[in-house]
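Knowing the structure of chain R, use the given hints to seat chain C on it.
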Amino acid sequence: MPPPVGPVVDRGVLVGAVAGLVVVLLALAVALLTGRWWRRRTEARRARRLAPGRPLLVALAAGDGDDAVLDRLATLPRAQWRALEPVAVSMLGKLRGGARAAIVALLERRGTAVRALHDSRRRRPTVRARAAHLLGVVGGPGATARLVVLLADRDPDVRAVAARALGRLRDPLAAQPLVRCLTGPGRALPHHVVMPALARVGPPARSALVASADHPDPAVRARVAEALGLIGAVDAAPRLVRTLQEDPSAEVRLRAARALGRLGTPSAVDPLLAATAAHEPPALRATAAHASGAIGARRAVPVLAALVDDPQHWVAHTAAAALAAIGPEGVAALRDLAHAADRPGAAAHAREALGKAPGVAA
Amino acid sequence: MTVLDLVSVLVVAANWFVLAYFVALNTSYLGLIALAVREFRHHLRRRSWAELDDAYADPLTLGVSVVMPAYNEEATIVESVRAMLSLQHPRFEVVVVVDGSTDRTFEVMQRHFDLVEVPRVVPDDVPTRGVVRSVHAPRAAVPLVVVHTENGGKASANNVGINAARHPLVCMVDADCVLDPDALLALARPFADDPEHVVAAGGVVRAVNDSPVTAGRVAELRMPRRWLARVQVVEYLRAFLLGRSGWSAVGALVVISGAFGLFRRDTVVEVGGFDLDTLGEDAELVVRLHRHLRRERRRYRLVFLPEPVAWTEVPETVRVLGRQRRRWSRGLVQTLWRHRTMIGNPRYGAVGVLALPFYVLFELLAPVVEIGGLVALLLGLLLGAIDWTFAVLFFLVAVGYGVVLSLVALVVEEYSFHRYRGWRDLAAALGATVVENLGYRQVTAWWRLRGLADSLLRRRARWGQMTRKGFTATPHATGAGPVPDTGPVLGPTEVADAR
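Going down the list, the protein sequences come from chains R and C.
1 is the number of the first residue of the first sequence in the UniProt record's numbering; add one for each residue after it.
1 is the number of the first residue of the second sequence in the UniProt record's numbering; add one for each residue after it.
Treat the hints loosely; a few may be bogus.
20 angstroms max Cα-Cα, derived SDA-like pairs, lysine to any residue [stated by the list, open to error]:
1) R/Lys94 - C/Arg139
2) R/Lys356 - C/Glu296
3) R/Lys356 - C/Leu52
4) R/Lys356 - C/Pro123
5) R/Lys356 - C/Ser134
6) R/Lys94 - R/Gly140
What the hints contain is simulated information worked out from the structure, not anything from laboratory work.
For reference, chain R alone in the conformation it holds in the complex (with noise of 0.2 angstroms):
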């Protein structure tokens, strides 16, 4: 046989690789089997740290616990309340009333609230968000301010945390800020997170949203429609109607259109039903549609029942949704179309709704 003629690997540098693989993958084993045992050794000690107190947090969460409970959970030793203390923050989330009271007295007894406001300060971002999180269940003096701070954080997580923490405290010293998030220049924050919180703070947000009404933004102003809507602002409908009206954005029109409908201000069912001509956009067309449903107004069911006919699918089927959410006679309108022989497209749509209206046959 010739010799080879392809470069020779020298022996040395080819054990040399060996010994190198098989360290690589003794390492990689070896930290494989650390880490399991260390994680089966972890589980097992925060099983046994938890054991304890489990039974005492369970009685204090369903309104069995006196003091003496919350005594003895109190004063458990700091290992087996760090054990504990995440279980009782997941419980909040849960309880209501007398129940939620008591977790939250623990708490502030063993200073969850007052470490979070320390934490809230820290360094680094995750224990910042954690912090963040820890105030908004637990609550407390300076939580809603400190949170306010965190809303212009330089880490996304933290802003989004604290605006949801701020929603959950229902705080109505947080509605100007948490406006301001959504109106303003600050830092970027989703604006799904922030409308939530709104929501949650209602009214109080009123004055601060109508005052961004007229911003040169059209994503703003569409923010500030639909705000207005989620937060029950009944007394803005005229100024959404106008907005429906004549903004000249149709995104900032759609969302007025679905705020009047969460408001269902019955005043706003006209314009809502002008905003469902063939000349508009169809998704405005359907959102309007759909709100003049859900206000449930009578002198809807015309315009309503034309709509059903309509060649763009889902102008027609949230137009008959409509009309069956408006009741006995919206749903006679849809008996009608559903026999309609000359117009198959809408006694199907017209069947289609009958189908789901709650106890009606087609």
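Structure of chain C alone, referenced to chain R:
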């Protein structure tokens, strides 16, 4: 120089090329794993304050239509639908599209869920091939819709589901999958956190073979009994979980599995839905989304989440696995060919200059190089053109480096999500890392090569059929549990809110 000498020189050159190729391939994977680890750390830190339940109190939570195409799934369909119905989400519906099944998929569902025909108008927002025969819903107030169609293929069934969907987000799920209970809440979260930009979110698909499923949930995760499935556990972990997380980290995710992905309905409709003539319709849709949104100069994001998980039954026989891999290979060829102008094109950002060239070099051509490399190695040894030391080096780079990568994937899993908890599972996984790189990979390369050849020779494509065992039920398996209410059903205009 004789002909033999010339052949020997060529063989040596080929061997060096293949060696360099494997170094590049495995190092690329290592880079993706490093990127994925960064993503995982971020994800895990967010867990403690994620508060997915906030979606219940959020009036702007977007509704989700879960679309499940089903073709001959009678063994698992009831369990799968029950699992979907027990998912946590304030506003969702399940749309099952029975795609002209030849078994009793529809009848089994009809009996179990007490289905009755309902008048539902299904629009033609995206094209379909199978004509809708009828639409059914349970007599009880359960958010389930079953669309019975003529057989039109999976892409068509997906499109029927998208047409029938009544919510602004559509979640594509395979009928043989079981989702984590909070899967929808978690997958929908990016749409709430960044509504202006997120158009799709992909979840992880992992193997559930031989793990007990109770009331639609994986009760206890175990490694499968068969080695073929065990190897796929490691493969899915390395390639799907870590690989896709890595791509997502650089904004170049080009595959969201059709088995578990959430999309904005309006954007999918805008690009025309799933392509009816592509075998890899899920990847093709994602690449088309990139193409369309880039051309429109829109700012957008497609994200991949390491959690939640869609648990699926992976093939346990060589025949079914081979068919699946041939199909995947053909799908890849079709997608890359259809969007060939994007490859290496800076206009398409990281997708154009990173992801697609990677898929060409290290996915499409990998079986050619793998099989060609083996042949060249054997030929070189036979001709005496290469020394045994070179063969050892080749083995170290091609197989040893691969085992290291698989082990790294296991270590990352252990320190992040640690789904498998038993020592036996760990031992089986360790064994699978070796089998995956020494035997399995070469065999799958052969199937992928055949898929490539099928494409080049334009052989007729077939979806084939996966034989399902059905999920392993625990002895105390009982009812479906509470069924969540759908809440108000709004039209897709609702999604305008996210603009």
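Hints versus structure:
1. Using a Cα cut-off of 20 angstroms, the hinted pair R/Lys94 and C/Arg139 is violated, with the two alpha carbons roughly 32 angstroms apart.
2. For the hint linking R/Lys356 to C/Glu296, the alpha-carbon distance of about 39 angstroms lies beyond 20 angstroms, and the restraint is violated.
3. For the hint pairing R/Lys356 with C/Leu52, the CA-to-CA distance comes to about 30 angstroms; that exceeds 20 angstroms, so the pair is violated.
4. The hinted pair formed by R/Lys356 and C/Pro123 meets the criterion: a straight-line CA distance of about 18 angstroms does not exceed 20 angstroms.
5. Distance restraint check for R/Lys356 and C/Ser134: the Cα-Cα separation of roughly 17 angstroms lies within the 20 angstroms cut-off, and the hinted pair is therefore satisfied.
6. Annotation: proposed proximity of R/Lys94 to R/Gly140 holds, straight-line Cα distance about 19 angstroms (limit 20 angstroms).
Hint compliance for this structure: hints 1, 2, 3 are not met, and every other hint is.
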